[in-house]
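Undergrad: Here the protein sequences come in this chain order: A and B.
Each residue of the first sequence is one higher than the last, beginning at 1 in the working numbering.
Each residue of the second sequence is one higher than the last, beginning at 1 in the working numbering.
Read the hints as simulated data drawn from the structure, not as lab findings.
Among these hints, one or two may not hold up.
[Stated by the list, open to error] Here are the simulated lysine-lysine pairs, DSBU-like style, with alpha carbons at most 35 Å apart: (1) B:Lys381 x B:Lys184; (2) A:Lys285 x B:Lys20; (3) B:Lys256 x B:Lys184; (4) B:Lys16 x B:Lys188; (5) B:Lys201 x B:Lys256; (6) B:Lys340 x B:Lys201; (7) B:Lys33 x B:Lys316; (8) A:Lys285 x B:Lys184; (9) B:Lys22 x B:Lys340; (10) A:Lys142 x B:Lys210; (11) A:Lys231 x A:Lys142; (12) B:Lys16 x A:Lys142.
[What the hints assert, rightly or not] Footprint (simulated), chain A over chain B, 3 or more residues, beta carbon under 8 Å: (13) 47 to 61; (14) 136 to 145; (15) 162 to 168; (16) 183 to 197; (17) 365 to 371.
[Unchecked claim] Computed list of chain A residues with no C-beta within reach of chain B, every gap over 10 Å: (18) His67; (19) Gln69; (20) Gln98; (21) Thr102; (22) Arg105; (23) Ile109; (24) Glu139; (25) Asp219; (26) Phe272.
C-beta: ideal position from N, C-alpha, C; glycine also.
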Amino acid sequence: MEVRTIVEECLELWRDPYPRLARLGEEGERPVGVFCSYTPEEILHAAGLTPVRLMGAVRAITHADAHLQAYCCSLARTDLDMALAGELSFLEGAVFVQTCDTMMRLSDIWRRNTGFSYHGDLVLPIRMGEEVSLPFLIEEVKRFRRGVEGFLGREIGDDALEESIRVYNRNRRLADRLYRLRASRPGAIDGLSATACLVAGFWMRREKHNELLHGLLEDLEGSEPIGGDGKLPLLVSGSVCTTPDLFELLLELGADVVDDDLCCGHRYFDAFVDESAPPEEALAKRMWERVNCPAKHQCIEDRFQRLVRQVGDSGAKGVVFYLQSFCEPHLFDIPYLRQCLQEELEVPSLVLESELQSFSRGQLRTRLQAFIETISGV
Amino acid sequence: MSEDVRELTEEEKADKERRKIKSAGAMRELMTKYYIEAKGAEGTKRHIAWITSGAPVEPLIAFDVIPVYPENHGAMCGAAHMNVELCEVAEGRGFSRDLCSYARGDIGSAITRGGPIGGLPRPTFLVACNNICNTVFKWYEELARFFDVPLFIFDTPFVRGELPEHLAAYSVRQMHEYVSFLEKMTRKEYDDARFVDVAAKSLFASALWKEVLACNEHRPAPMTCFDAFILMAPIVTLRGTQEVVDFYQGVLEEMKRRIEEGIGILPSERYRLLWDNIPVWYEMRNLGRLFMELETCLVADTYTSAWTFEGVDAEKPLESMARIYTEVYLNINLERMADKIESLATRFGVDGMIMHSNRSCKPYSLGQYDLAKEFTRRTGKPALIIEADHTDSRWYDRAQVETRIRDFVENLLGSGL
Ligand code: SF4
Ligand code: SF4
């Protein structure tokens, strides 16, 4: 398939994955919703289920307000709203990874008020990367696997799990290759297209996504850059981008995202699962040593050091923080990260808060435009 | 509503005096002494640790470290109507207005040394336990950067249903690590006998506290939970010391005497309610007046009972404490929370519940709508949810809240529903 066509299809999925998800069942797949990049998707995949990412939706809240206060992030609110409205009935259930206080309560609220046949919980330590927490995490992964097996009514074979681990590792390698290509050959693919091709994988079986990425890379690596030079390089940091609007607007305004620190981007595919170790241990170990999310305490300097390295390596001239209103883990880091960027790199940054129920592309555009103008000195 | 400006008659004055809780004076003395000692220790050889309210403090006491509680200080700043200006300092540095106002106020106070006691003494190290929320470790990471001091994190993952063994084991491993951390910080060796003694005192004080709270099962209630919010300061900050044991012995005696003499905290008690969530610190006086006028006593709450620990094994204090600290009220699933609420409602014979939907505190507030429904389903009693913030009064609409409380008491309870 042509690069343009692949990108267009991925973009369409990103704009609204739900119609596509609703058809997965007809194709014989059994989708399970996941919210968090810490979900051990390999276990679900090995069980014959298809993990699909729920990243909220731009919509007015009609049902969730009876269960969640307005001071809760709009990812939780819009996801719950869709579930309560019956719009997620194609799912067999969902997995709740307890990263933040909101997710921990959302799990109970979801379980009590929806009728899905499967409900998975995975409780994580916050002291990732420290010896003391690893045994706990391994047991949690085992418990999670038993939960899935209980739902299936049969065991998940180790060989199946090992195969799924290989599939997901391949996916990580391909994603990494895509990001490297984007960095090493400016203009080969823009940030919007690269990210679209990555996130599209959240809504399809991973083998398919591997084929897609492989085809895309073969084409890109063998062809001439398709333009996009001369754009102002920026880095986006935050949680998830529910829609491609931010990336689209940046392109329109003469900027391009050259790297990211997003939960639906670079942080998603960081680190591999050791294929030679016992599977649960290997899965736990990867979560434990991958780049940590702001909801984890790994080591205080970690996020900042990584961000500085990424900004330096990518040559980004500015950082756009894109996060959910009311999201404590992300909001807490902002002053420190911004200060460090300014003091150590003299890189300016902009903070954008997303509230999906009152999303305004026009407002987003104005703020981005002003930011870009400040950097370019217009 | 005009405030109560009428002069009280001699008789009313005497009655008011009779109903006053005398232990409040002893409490103020105890806390003043504590803060003077803590502030005086700054710059000396004594170690000062800032610690979260749900963290195990007993090891600190056993190592002669002075524990300092930003949350208690935050409550104080809130009650003194000084937290908003401190929050604004933090907001000026880029901290979002949507973050917990204890955290914002504390960061503001660390920067400016503002607040009713001129800020808290500088810590030599920090201890945070996420059993109450995940805000605290982000907040303490910021403090660690600000003061450039070590931070120990006691990580207590969320407990769903029964406490699983691998989680208990994780807590126990960290309890040992915590002790090693303290050995390193203080250059002292762990003394098991000392720890057992501190743990026993902590346990004893917490048992006394539990008895104090239980006195409110009596009608009329000898105190309201607003009094309990004040009287709980020592159990939060200083449990494990002899003074605290003595103090709660005194409080318990006073409560028992009140019961014997039939002294209620309100001149008349028609309704009894349960309170959920942290107090609205800056509004305690006004709300207290309103409830008195409505002849409604807040007899129990989900907050103060968080410091009543059960099941400490004196033979293995470290291990059993590790488990207890992992299973506190805010670290369990909604069904287990509903069980606790139901048991409080039954024991204290309440007519309904008021839930403070606290903008600052997500673990306490998200899920309240479901808990309110569950409470009514299980007990047949109504629940009211009011919107506020525990120390950021900018989010508070007094007129609206008071009207809602009035309607709730007069219409719902008054009609016998
Ligand atoms: S956006 Fe923030 S608050 Fe919302 S679920 Fe994610 S981490 Fe939690
Ligand atoms: S008020 Fe809530 S969010 Fe704030 S420190 Fe306390 S438990 Fe955490």
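Undergrad: Indicate, hint by hint, whether the structure satisfies it.
TA: Hint check:
{"no.": "1", "hint": "B:Lys381 x B:Lys184", "in the structure": "violated (53 Å)"}
{"no.": "2", "hint": "A:Lys285 x B:Lys20", "in the structure": "violated (59 Å)"}
{"no.": "3", "hint": "B:Lys256 x B:Lys184", "in the structure": "violated (45 Å)"}
{"no.": "4", "hint": "B:Lys16 x B:Lys188", "in the structure": "violated (51 Å)"}
{"no.": "5", "hint": "B:Lys201 x B:Lys256", "in the structure": "holds (22 Å)"}
{"no.": "6", "hint": "B:Lys340 x B:Lys201", "in the structure": "holds (25 Å)"}
{"no.": "7", "hint": "B:Lys33 x B:Lys316", "in the structure": "holds (32 Å)"}
{"no.": "8", "hint": "A:Lys285 x B:Lys184", "in the structure": "holds (29 Å)"}
{"no.": "9", "hint": "B:Lys22 x B:Lys340", "in the structure": "holds (30 Å)"}
{"no.": "10", "hint": "A:Lys142 x B:Lys210", "in the structure": "violated (39 Å)"}
{"no.": "11", "hint": "A:Lys231 x A:Lys142", "in the structure": "violated (47 Å)"}
{"no.": "12", "hint": "B:Lys16 x A:Lys142", "in the structure": "violated (61 Å)"}
{"no.": "13", "hint": "47 to 61", "in the structure": "violated (count 0)"}
{"no.": "14", "hint": "136 to 145", "in the structure": "holds (count 7)"}
{"no.": "15", "hint": "162 to 168", "in the structure": "holds (count 3)"}
{"no.": "16", "hint": "183 to 197", "in the structure": "violated (count 0)"}
{"no.": "17", "hint": "365 to 371", "in the structure": "holds (count 6)"}
{"no.": "18", "hint": "His67", "in the structure": "violated (5 Å)"}
{"no.": "19", "hint": "Gln69", "in the structure": "violated (6 Å)"}
{"no.": "20", "hint": "Gln98", "in the structure": "violated (5 Å)"}
{"no.": "21", "hint": "Thr102", "in the structure": "violated (6 Å)"}
{"no.": "22", "hint": "Arg105", "in the structure": "violated (4 Å)"}
{"no.": "23", "hint": "Ile109", "in the structure": "violated (6 Å)"}
{"no.": "24", "hint": "Glu139", "in the structure": "violated (4 Å)"}
{"no.": "25", "hint": "Asp219", "in the structure": "holds (43 Å)"}
{"no.": "26", "hint": "Phe272", "in the structure": "holds (25 Å)"}
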